[in-house]
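K.L.:
Here is what each chain is made of, one letter per residue.
2 protein chains.
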Amino acid sequence: MSDQEKELQVLRDQIDRIDQQLQTLLNQRAACAQQVAEVKQKYQGARDAVFYRPEREAQVLRRVMERNTGPLPERDVARLFREVMSVCLALEQPMRIAFLGPEGTFTQQAAVKHFGLSAITAPLGSLDEVFREVEAGTAHYGVVPIENTSEGMVNHTLHLFSRFQISIVGEVELNIHHHLLVRPNIDRNAVTRIYATQSALAQCRRWLDAHYPSVERVAVATNADAAREASIESDLGLAAAIGSELAIELYPLQVAVRNIEDQAESSSRFLILGRQEVGPSGHDKTSILVCAHDKPGALYDLLAPFRQRGISLTRIETRTLSGPWNSVFYIDFEGHVSDAPVQALFKELESESLELKLLGSYPQAVL
Amino acid sequence: MSDQEKELQVLRDQIDRIDQQLQTLLNQRAACAQQVAEVKQKYQGARDAVFYRPEREAQVLRRVMERNTGPLPERDVARLFREVMSVCLALEQPMRIAFLGPEGTFTQQAAVKHFGLSAITAPLGSLDEVFREVEAGTAHYGVVPIENTSEGMVNHTLHLFSRFQISIVGEVELNIHHHLLVRPNIDRNAVTRIYATQSALAQCRRWLDAHYPSVERVAVATNADAAREASIESDLGLAAAIGSELAIELYPLQVAVRNIEDQAESSSRFLILGRQEVGPSGHDKTSILVCAHDKPGALYDLLAPFRQRGISLTRIETRTLSGPWNSVFYIDFEGHVSDAPVQALFKELESESLELKLLGSYPQAVL
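The listed protein sequences correspond, in order, to chains A and B.
In terms of full-length UniProt numbering, the first sequence is residues 1 to 367.
In terms of full-length UniProt numbering, the second sequence is residues 1 to 367.
Here chain A stands alone, though its shape is the one from the complex (with noise of 0.2 Å):
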């Protein structure tokens, strides 16, 4: 045996004790989420028994990160714990998650980043299918993208709030840099169209404006078209890409000019549509629907109420939807509908408002 095979022989033997370590321990903790279901079954029923506590899940991995030493990044660390969850949750229930399709988008990332390897993630061509599947039960849990607004998604995810009885359960985010992507030696002053999703379009349509004015813009349906438009040869000129940093690594291209989001610090948002109402994690949000009267300072009378308790504001979109509500603001707030300023608050709210209605309450994104 070579002195780097003895070396090496030492490092490994002690791997295999951590590994049975790691092991027994799995198997002792996926016990006693056995133990867990057992609980929850006899005092709740074995068909309305709840598995998944998403407030419960966002503390174990905050505790995950926060006691993290290394040498494993804590985000890494946190995953690993998302997929023992994940594995441990299969065992007594496999979930079935529905998202906004097609496969191989963000949305379906958002998803598997969410609720891990074990669960089933269903695409579905519409998000009323997502909503009407949460709702009826066929699928656990649905996973829309709320931050679009350019395509008029939330518009249309407001409606379906007011539409379907689905409460959000949770919240994800992903970090997405839009980059202005060539084929390796174009020179990016001589492109001619610039393939890009609706929603990248739109989250750079300044840059454009001031970079390419006069160059076509060709909206296609994935972010993987544009890149693959981008990076093959084409009669119709020299074609660039917006794309994040998945499509440098996927497709041949280059980054011709990095982070062109009109926006720094671009995250997409994602929600979970759920059907249960999720208790206090410690870090939570809260989403209302609200319908203010209409009078001049209505929008203002609304959110006093939220400076005066010192209730941080996170976000807030106003709509105007046919239907029942004409005019409506979507909210979000930090704190949870059982913390005692929340509840006060929506005592206020109610007076202020014709309508209000609590979309969720649920633990903000940890990852």
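Read the hints as simulated data drawn from the structure, not as lab findings.
Incorrect hints may appear among the rest.
Calculated cross-link-like contacts (lysine-lysine; reagent style DSS-like; alpha-carbon spacing at most 25 Å) [what the hints assert, rightly or not]: (1) A:K113 with B:K113; (2) A:K42 with B:K6; (3) A:K347 with A:K357; (4) B:K295 with A:K40; (5) A:K6 with B:K295; (6) A:K6 with B:K6; (7) B:K347 with B:K357; (8) A:K42 with A:K113; (9) B:K295 with B:K347; (10) A:K347 with A:K295; (11) B:K42 with B:K113.
Use these hints to put chain B onto chain A, whose structure you have.
P.N.:
Frame of chain A, contents of chain B only:
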């Protein structure tokens, strides 16, 4: 606190303690993996050090499955360990895995199954590109399907093995059954079109000839396309799709007839391509290309040495290739090129054949 909450609290405290131990062990394991990398760099040089060892990984996974006592199913535990190894490896060297795209195909599934989520999977447009990137080192490893004989893929792959300096460093198996899928409430006898991939059509040809001799078969690019076509109403008549378990989960279709593939136990096999020689893992396979003398009984003469030495053939394919090798046999057998009987076999084969090329010895698929 309710009785339920009390009982759950006890179990959750237990889970928290287990999680802390798990985390400590995971980081200890990562630290050991770092030391392994340092030893390798010391002896092999920073540039030439090989971090990924398929034989070692196969041994770890086999041990995990053998010693597993549950309640976690052995495949789930092994999958977790795959992820643990994937994360530890990424700490040293993030791996780029080229595969025959597009994304969302079974080949990508195979790549993720084999390398874990921490690897970067890069879909390429052709088999040639996968071979080229692996040979050039721009991808660390490649994944290509090898079982879709119907599509002439093996033919082409074999041809590429003679053109590129590449070796097989592993194999992956995915269980894939084909079902006839229709929308709910549709009479399967009224079907007028069947959508499927070329490969699925080929794998179910006899069944289709027997049951749907005069129904139009429409080849589409992916299984997802087939399921989608069959799931929507169309003026073209009632459609069915051939699809997998996956498609049933993903589309509003139901199984009209299960397992219509002509060969039972259809599992798709994929090869891992690399540039390294893989040491013995204890349960290995070897793949060779042999060009036999052009004489009567040549194939028999070629196979006789296998029988004499009790070496198990697992697969043999005969191909006629253009180029230097006119008729060539692709042979898989059990054993490793470092085993004494295999070395003796090679001596004999060399004298019995015009040319003999070792494609690789590698661990048999574990999961």
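K.L.:
Against this structure, judge whether each hint is valid.
P.N.:
Each hint, compared with the structure:
For the proposed pair K113 (chain A) and K113 (chain B), the alpha carbon gap of about 16 Å is at most 25 Å, so the pair holds. For the proposed pair K42 (chain A) and K6 (chain B), the alpha carbon gap of about 13 Å is at most 25 Å, so the pair holds. At most 25 Å may separate the alpha-carbon atoms for a hinted pair to count; K347 (chain A) and K357 (chain A) meet this at roughly 12 Å. The suggested pairing of K295 (chain B) with K40 (chain A) is violated, with an alpha-carbon distance near 73 Å, which exceeds 25 Å.
Proximity of K6 (chain A) to K295 (chain B) is assessed by CA-CA distance (about 51 Å); at most 25 Å being required, the pair is judged violated. Between K6 (chain A) and K6 (chain B) the alpha-carbon distance is near 52 Å, which puts this suggested pair outside the 25 Å criterion. Using a Cα cut-off of 25 Å, the hinted pair K347 (chain B) and K357 (chain B) holds, with the two alpha carbons roughly 12 Å apart. Note on K42 (chain A) and K113 (chain A): the hinted pairing is violated, with a Cα-Cα distance of about 31 Å set against a maximum of 25 Å.
Restraint check for K295 (chain B) and K347 (chain B): satisfied, since their Cα atoms lie roughly 20 Å apart, inside the 25 Å limit. Restraint check for K347 (chain A) and K295 (chain A): satisfied, since their Cα atoms lie roughly 20 Å apart, inside the 25 Å limit. Taking the CA atoms of K42 (chain B) and K113 (chain B), the gap is about 31 Å. The hint is violated against a cut of 25 Å.
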